[in-house]
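With chain D fixed as given, assemble chain X onto it according to the hints.
2 protein chains.
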Amino acid sequence: MSDAYAVRRERLREHCSASGFDAALITRSANVRYLTGCPPCGASLLLTRERVLLALPDDLPPDDTGQHALGEDIPRLAVPRETDTALAAAEAAGRLRVRDVGVEEHDLTVSRHRCVTELLSDARLTDLSRAVERLRVVKDEHELADLRIAAEIADQALGELLESILVGRTERHLAMELERRMIDHGADRAAFPVSVGTGTHSGMEGHQPTDRRVEEGDFLTVVLGAQYRGYGVSTARTFVIGAAPAPWQVELHRLVFRAQRAGREALGPGVPQNAPDQAAREILQGAGHTEHSPRPVGHGIGLEIREAPRLGPTDMGKLDNRVPVTVGPGVHIPGKGGVRIEDTLVVRPLEEGGPELLTITTKELLAL
Amino acid sequence: MSDAYAVRRERLREHCSASGFDAALITRSANVRYLTGCPPCGASLLLTRERVLLALPDDLPPDDTGQHALGEDIPRLAVPRETDTALAAAEAAGRLRVRDVGVEEHDLTVSRHRCVTELLSDARLTDLSRAVERLRVVKDEHELADLRIAAEIADQALGELLESILVGRTERHLAMELERRMIDHGADRAAFPVSVGTGTHSGMEGHQPTDRRVEEGDFLTVVLGAQYRGYGVSTARTFVIGAAPAPWQVELHRLVFRAQRAGREALGPGVPQNAPDQAAREILQGAGHTEHSPRPVGHGIGLEIREAPRLGPTDMGKLDNRVPVTVGPGVHIPGKGGVRIEDTLVVRPLEEGGPELLTITTKELLAL
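Top line first, the protein sequences correspond to chains D and X.
Using the UniProt record's numbering, read the first sequence as starting at 1 and increasing by one per residue.
Using the UniProt record's numbering, read the second sequence as starting at 1 and increasing by one per residue.
This is chain D alone, in the form it adopts within the complex (with noise of 0.2 Å):
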């Protein structure tokens, strides 16, 4: 696993050099994760053409969790607490007298960009402009095997909670034993905060948890997703309480059942990313639905739990092999409720079978 690491430093290391770079201070910790494996924990990476600097606080933990595990081939640099470990990078990227640095403007903030210019004050600072994002785009394999682990776990903690008693019980506690029934199955941690929502608050895009109680004859939306290994899934399940859907529950259920379908149907390898969003937003507008705002109907998801490329109306570029995405549309009917149903799938071309699901819990209307 650490060459993976090696892999993916020595592609930033190719691109720095095409770009003018002598080194890179990367500082986004999605980033730093991706090039080293070092867990969220405020640590800033220096990579130079020869040398590679992994600056983190000397407080961490011990190894004993394996959650701050590192490549061992990973020069460090202990920082105390206190200090910035982007300031400690920058330093030793001085004594090396680097002079073209490439920088994550879009993380830095102003003051401490401003802190990294002073120690480097013979070098050149210039964006890296997401550099690191647009190599984690397309996913290897170490990295499709976390994110099918991580889908495994949020669908059994939602199987368990589908075999339990739901009426009456609140959706503050639903989310609360969905995101410890996910760490029971080994997950990290939840990818987000689980999102509930019952009766009229189903099919609320990020709806937060309320002491709503589940009733007979309400709609269940439950958006969850496990992390694994810092890879996050994200699913989206609506269903009905009781046993009969009454018919505007089964017809809007499968007017957002198609819609998703015919979202998932438009992935491909080469494909324009708004194809999945205009296939979707044909269904739910030909039948009279539009949102308040365009939202895009996925996005890409990995070590961010939103990352590139970004599927809206607008977004014009073409889909790669292996990039894992979300599909979710949702309509919601203020007063009266809706319907969410999301996947998380990985592009892949038809040869291979088309789109795989990651996200396996059955989209039918469950009649709980």
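The set of hints was computed from the structure by calculation and includes no laboratory data.
Incorrect hints may appear among the rest.
Unchecked claim - Examples of chain D residues toward chain X, derived with CB under 10 Å:
hint : residue
1    : 104
2    : 113
3    : 114
4    : 205
Said to hold, decoys possible - Take a look, some chain D residues computed to stay more than 10 Å from chain X by CB distance:
hint : residue
5    : 87
6    : 145
7    : 215
8    : 290
9    : 368
Treat the numbers as computed from the prediction; the structure is a model and nothing was measured.
Every residue gets a Cβ at the ideal spot worked out from N, C-alpha and C, and that includes glycine.
For chain X alone, kept in the frame of chain D given last:
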């Protein structure tokens, strides 16, 4: 309560006026919340001499949970989720023809700052130098009331846990149970991930709970805090499992207890910020315990779990009245375990009874 926000904004206006700014663009979420009551949601605040404008995402959940309740007196600008609210606020500032704008350079990334600069090409942008953070140091009665409730919630959750069977349970499960109990008692959430360390993990700073199970004879260190209406507290306690603590455990607990008490007793208005640290450190060092890197014994606490003032060995300012701080020394003996004891207290003059202790769970060495 909306009056309190208006008073705070007026104080910031006075600061701006004195510093020659005709507008302030506030992006740091704790600062936006302090000035408007708006919980963290990516909102930005524009404050000019006569106006106030809160730019916030247009898809926030409705107010039925109370979590997004805002003072109705603040004009709002709904911004599509895909747009940066700081840029929307900057555009609005441009239309108002502001000339000197204070911005938060410790919060804005270089990229965002550049976009703001482009939108306000006729204005001069200058760092606010943490002006809002400085306003936030001394708390008003609304804030102290919320902190008291947060502390009460954490005490309740911890008290309940102490009544249950602990032997055989994992650190992870105990931590999750404490988080659940705090939410049950009305917390917004845990103020930070609860830390539970048992046996060799006890007394460690920043320990992440593992699957280690509580055993007879262990030290058990719990570090927890509730967040209530945005305000957090922090408390740490160390107990021993089983009927008879070993002599070294009794001795080490007594030592940290004494150091923590000395730190607490050193608090007072007008006292140097480093006095509590010195008082606690002297006792620990007198017994031969020196931590690897000298961590401050405490820090301010409120809308952020670590905020000004810092109570470190080299911090030379003076403490003010009505400033909530933590005091939490600890000793960890590698391979053996340790003790950490922390309280959240409000600095008060002796005439008013001295420091107000918020986290009242006993600090005695309970044998559980």
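Results of checking the hints against the structure:
no., hint, in the structure
1, 104, "holds (9 Å)"
2, 113, "holds (5 Å)"
3, 114, "holds (8 Å)"
4, 205, "holds (6 Å)"
5, 87, "holds (14 Å)"
6, 145, "holds (22 Å)"
7, 215, "holds (15 Å)"
8, 290, "holds (14 Å)"
9, 368, "holds (23 Å)"
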